[in-house]
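Let chain W serve as the given structure and place chain R on it in line with the hints.
Each chain, written out:
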Amino acid sequence: MKSVAEILKEIRPEFDFAASSDFIADGMLDSFDMVTLVAALDKNYSISILGTDIVPENFQNLQTIEALLRKTGAKL
Amino acid sequence: MSPIRTPAQVFDAIQQAKAGATAFCTNFFPVDSKLQAWIAHGELSVAWHPGAAFFFRNDRDFQRLYFCAANESALEQGLAVTPALKTGRVMTDLVGNEAALSRLLPVIEQSGFRCYTRLQRLARIGRPETGPGTSSTDFAESTDAAAVLRLIENAFDRYGEQLPTPYEIESAIQHRQVLVARHDGELSGLLFFETQGLASTVRFWAVAEKFHSRRIGSALMQHYFQIHGPVRRFSLWVNSGNENAITKYRHYGYTPDGLIDQALANAKIPA
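As given, the protein sequences belong to chains W and R, one line each in that order.
Here this note's numbering is used: the first residue of the first sequence is 1, the next is one more, and so on.
Here this note's numbering is used: the first residue of the second sequence is 1, the next is one more, and so on.
Next comes chain W alone, as it looks inside the complex (with noise of 0.2 Å):
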């Protein structure tokens, strides 16, 4: 299973996830990253997080998206 920081190099490889602590506020995740990275986090978590969940706070940097999947289910 992949890390939630190996998920987010192999959508934006060019950016250094673990140096910023607003993904959305850098600029480093737009609106089409965010459905991707959904995607890709229910894919590798086996989980399906709510669409009342997809909004910029709970992906603003790892703890956030960590937080959003512990709550969702998944095992980290």
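In case anyone wonders, no lab produced these hints; they're calculated from the structure.
Computed from a prediction, not measured in an experiment: that's the story for all the values here.
Just to be clear, a hint being listed does not mean it is correct.
Okay, the calculated bits of chain W under chain R, using three or more residues with CB under 8 Å as the criterion [stated by the list, open to error]: (1) 29 to 36; (2) 44 to 56.
Within a straight-line C-alpha distance of at most 30 Å, the following computed DSBU-like cross-link-like pairs (lysine-lysine) qualify [as the list claims (entries may be wrong)]: (3) W/K71 <-> W/K9; (4) R/K34 <-> W/K9; (5) W/K9 <-> W/K43; (6) R/K34 <-> R/K86; (7) W/K2 <-> W/K75; (8) R/K34 <-> R/K268; (9) W/K71 <-> R/K34; (10) W/K9 <-> W/K75; (11) R/K34 <-> W/K43.
Where a beta carbon is used, it is the ideal one built from N, C-alpha and C, also for glycine.
Chain R in isolation, oriented as in the chain W frame:
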């Protein structure tokens, strides 16, 4: 169809479509600020069907269709019973790589849409070396808004490319995201962009026809790169058939990143 009055209605509709999804498919990639602006201007409405939500956004004299569906079958069935597709002018887009497009395209075509135009995304990493700046370009001012809109509407196809509304142009000018060139008291060219942190997208780059061959486009692009020192990723969408524009973008180091936007028109949209 019901008008959308809050972002929560959008997320609830997405949630209903996504619940129990076996192969979730969507062309709806809402950016929070844009979503709020569309709602504030009364442009967005929604129609629900089992396993699918259809969002319609008013755009000039037609509507843009966005969908979220649990799978292709729910999408196909929902499209078949959505009356607005038979009575009004509707455009929709499929965004993804070739594989994703080839899966969804037959479903959309089945419901009466035809391929209208195709855009491809180009990107470059890092800023290119550019020549010294010129004083012939500057940020647009609020008094330029009407001329900016005119030039964009003359240079681009309102159905195939998502042209900005007057309020979007005013906001972009206010946020210093429109560069312009002026000649003989007229707006001769513009470069309209969106920058967010380390990423920047050129939305429109145009020179009025009577000012072609004066290196105005080049001056605008050089100015654009000069003010984007910290940006890491530059991108834009270009019509796949516009070889002239693609050649120019390649000159600045942009290359295809694999993402495609297939615009489709229903029967009411003129060819």
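To see whether the hints hold, each was checked on the structure:
no., hint, verdict
1, 29 to 36, "holds (count 5)"
2, 44 to 56, "holds (count 7)"
3, W/K71 <-> W/K9, "holds, 23 Å"
4, R/K34 <-> W/K9, "holds, 27 Å"
5, W/K9 <-> W/K43, "holds, 16 Å"
6, R/K34 <-> R/K86, "holds, 27 Å"
7, W/K2 <-> W/K75, "holds, 12 Å"
8, R/K34 <-> R/K268, "holds, 27 Å"
9, W/K71 <-> R/K34, "holds, 28 Å"
10, W/K9 <-> W/K75, "holds, 20 Å"
11, R/K34 <-> W/K43, "holds, 28 Å"
Consistency note: the structure conflicts with none of the earlier hints.
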